[in-house]
Each structure stands twice: as C-alpha cells, then as structure tokens.
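Enquirer: Sequence:
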Amino acid sequence: MTSLIQILLLILDVAWFIMIAHIIMSWLINFNVLNLGQDIVRSIWYGLNNLLEPIYGRIRRVLPPMGGLDLAPLVALIGIYALRIILINNAPAF
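According to our numbering, numbering within the sequence shown proceeds without interruption in unit steps and concludes at 94.
Heads up, some of the hints might be wrong.
Restraint ranges, calculated between C-beta atoms of paired labels, are given here [as the list claims (entries may be wrong)]:
{"no.": "1", "residue 1": "44", "residue 2": "77", "range": "18 to 28 Å"}
{"no.": "2", "residue 1": "36", "residue 2": "93", "range": "41 to 51 Å"}
{"no.": "3", "residue 1": "3", "residue 2": "77", "range": "19 to 29 Å"}
{"no.": "4", "residue 1": "46", "residue 2": "20", "range": "42 to 52 Å"}
By construction, these hints were calculated from the structure, which means they are not laboratory data.
Every value quoted in this text rests on a predicted model; they were computed, and no experiment measured them.
We put the CB at the ideal spot given by N, CA and C, even for glycine.
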C-alpha cells in the first residue's frame, strides 16, 4: 500500500508543477515577456491549456463570476494540496 500512496503523491506533485508552470506562463504572456507568435511558446501554451482546461472548466462552473479574476487555478492548487494532506495523514491506516 505504501507504494500506491507514493505513486499517488508523485502524480499530485506532477499536477502541482504543471499548474504552477501554467500560471507563471500566463503571467509572462500577459506582461508581454512571452509572445504567442513564437511556435514553441504557442505549442507549450496550448498543450498546457488542453491539459488543464477540463479541470479548470469544472471549477469555473461552480465558482461565481469574479469580474475577470480567474480563481480556478487557485482552487485547483488548494484541492491538490488538500488531497496530498489527506493521503499523507491516512497513510498509516493502510
């Protein structure tokens, strides 16, 4: 059981870092540090969007409109962190 919990924690860590990369990249695009006209930037951006939009879309349906402020990534990060805490705290029970 310990191996299964470690694999789940690894998957949560990878998801955490992908979301952080997406958030940082969105800031860099919005502040014109990165340009979507470049092929590599565009392909990475659309890849991350296609990967994370199913998660963010479900969260956005539940959250009320915030006037242009997207809190879906923050809620997803908190959810991943909460799942990580639950797995770690319940690991001895398995």
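Enquirer: Now, for every hint given, state plainly whether the structure supports it.
Expert: Against the structure, the hints:
In this structure the hint that residue 44 and residue 77 lie 18 to 28 Å apart at CB holds, the actual value being about 20 Å. Restraint check, residue 36 to residue 93: a C-beta distance of roughly 47 Å satisfies the suggested window 41 to 51 Å. Remark: the range hint 19 to 29 Å for residue 3 to residue 77 is upheld by a beta-carbon distance near 26 Å. For residue 46 paired with residue 20, a C-beta distance near 18 Å fails the hint of 42 to 52 Å.
Of the hints listed earlier, the one the structure fails to meet is number 4.
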